[in-house]
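**Student:** Build out the structure end to end from the sequences listed, making use of the hints.
Mapping of the sequence shown onto numbering that gives the first Met the number 0: residues 0 to 235, in sequence order.
It is possible that part of the hints are untrue.
Claimed, not checked - Capping the alpha-carbon separation at 27 Å, the derived lysine-lysine pairs in DSS-like fashion look like this:
hint : residue 1 : residue 2
1    : LYS228    : LYS120
2    : LYS121    : LYS85
3    : LYS141    : LYS85
4    : LYS228    : LYS85
5    : LYS120    : LYS85
6    : LYS228    : LYS161
7    : LYS42     : LYS27
8    : LYS55     : LYS85
9    : LYS85     : LYS27
10   : LYS141    : LYS27
11   : LYS121    : LYS55
To be verified - Ranges of calculated distance between the beta carbons of each label pair, as one might list FRET restraints:
hint : residue 1 : residue 2 : range
12   : ASN137    : ARG72     : 35 to 45 Å
13   : GLU90     : GLU3      : 46 to 56 Å
14   : LYS42     : GLU3      : 17 to 27 Å
Please keep in mind that the hints were generated in silico from the structure rather than gathered at the bench. If you're wondering where the values come from, they're calculated on a predicted model, not measured in any experiment. For each residue, glycine too, the CB sits at the ideal point set by N, CA and C.
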Amino acid sequence: MNLENKLIVITGVSSGIGLATAQVLLEKGAFVVGWGRRPGPIKHPNFSFAEVDVRKQAAVERAYQETVERAGRPVSVLVNNAGLGKQGLFEEQSVEDWHLMFDTNVHGLFYCTRVVLPEMKKQEEGHIINIVSLAGLNGVEKASGYCATKFAVRGMSQSLYKEVREFGVKVSCIYPGSVNTNFFSDFQNSTAPENMMQPEDIASTILHVLQSPPNYHHIDIEVRPLRPKGKPQASK
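**Tutor:** Now the structure itself:
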């Protein structure tokens with residue numbers, strides 16, 4: 000896809016992967032609208048922000064209408080990046096945290112994707128990119144709730160792409176390992192920050208996926224740090 004003048008929506012744009020992705024896509028001439036609770040630091044003539052809690056269907060629908068009316072064009076790309084995780088043993092996971100993760104990671108993604116799809120199908124062009132996690136491929140102890148949400152996104156995405164591919168709409172999932180964002184601040188025993196990937200690394204993958212030829216479809220992309228434990232110490 001030629002990204003110049005395309006309207007792109009990114010959720011969770013205030014920091015981390017969302018922020019880095021917005022900056023890369025703005026450099027390519029796209030119009031980027033961030034959906035989220037905090038606007039973040041971006042100052043660019045082609046960037047705007049819509050305050051929205053993706054957990055609320057009505058709020059997402061309002062943000063969509065405001066976005067397309069203001070831009071005067073349909074949404075060509077949606078990057079579902081907003082997400083959160085709460086660590087805890089299964090029997091100790093609070094019901095509130097369980098619902099918070101599902102409301103954000105699954106229901107929010109559903110609401111956002113649902114509003115952009117009809118126009119993408121009509122235009123016969125569109126791309127949904129879901130930022131998942133390796134936790135959507137493998138269970139992780141003390142993260143059953145988070146893994147459950149990411150497994151749900153994986154199943155939803157693989158079903159959806161088979162529904163919309165004949166309309167020229169792509170659905171891609173990216174499964175990062177540890178990325179140096181504030182996501183891991185509440186997780187114990189995570190990879191040391193200096194050994195993690197950077198948000199800009201994931202943004203470069205998103206750019207590569209979006210710029211692929213029209214008949215070339217990335218379904219699932221798994222990315223990891225090459226040396227998650229750092230460079231081995233030389234033996235004495």
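**Student:** The structure should be examined with respect to each hint, and the outcome stated for every one.
**Tutor:** Do the hints match the structure? See the list:
1. Between the alpha carbons of LYS228 and LYS120 the distance comes to roughly 44 Å, so the proposed pair goes past 27 Å and is violated.
2. With a CA separation close to 38 Å, the supplied pair LYS121 and LYS85 exceeds the 27 Å bound.
3. Restraint check for LYS141 and LYS85: the C-alpha separation of about 9 Å stays at or below 27 Å, so the hint holds.
4. Under the criterion of a C-alpha separation no larger than 27 Å, the hint pairing LYS228 with LYS85 is consistent with the structure, at around 23 Å.
5. For the hint linking LYS120 to LYS85, the alpha-carbon distance of about 35 Å lies beyond 27 Å, and the restraint is violated.
6. Restraint check for LYS228 and LYS161: not satisfied, since their Cα atoms lie roughly 38 Å apart, outside the 27 Å limit.
7. For a cut-off of 27 Å, the pair hint linking LYS42 to LYS27 stands: about 16 Å separates their Cα positions.
8. Proximity of LYS55 to LYS85 is assessed by CA-CA distance (about 20 Å); at most 27 Å being required, the pair is judged to hold.
9. In summary, the hint linking LYS85 to LYS27 is not supported, as the alpha carbons are separated by about 35 Å, beyond the 27 Å threshold.
10. Distance hint between LYS141 and LYS27 is unfulfilled; the C-alpha atoms sit about 40 Å from each other, more than 27 Å.
11. A C-alpha spacing of about 25 Å is found between LYS121 and LYS55, which places the hinted pair at or below 27 Å, so the restraint holds.
12. Taken as a hint, the range 35 to 45 Å holds for the pair ASN137 and ARG72, whose Cβ atoms sit roughly 39 Å apart.
13. Restraint check, GLU90 to GLU3: a C-beta distance of roughly 52 Å satisfies the suggested window 46 to 56 Å.
14. Taking 17 to 27 Å as the suggested C-beta distance range, the pair LYS42 and GLU3 conforms, at roughly 20 Å.
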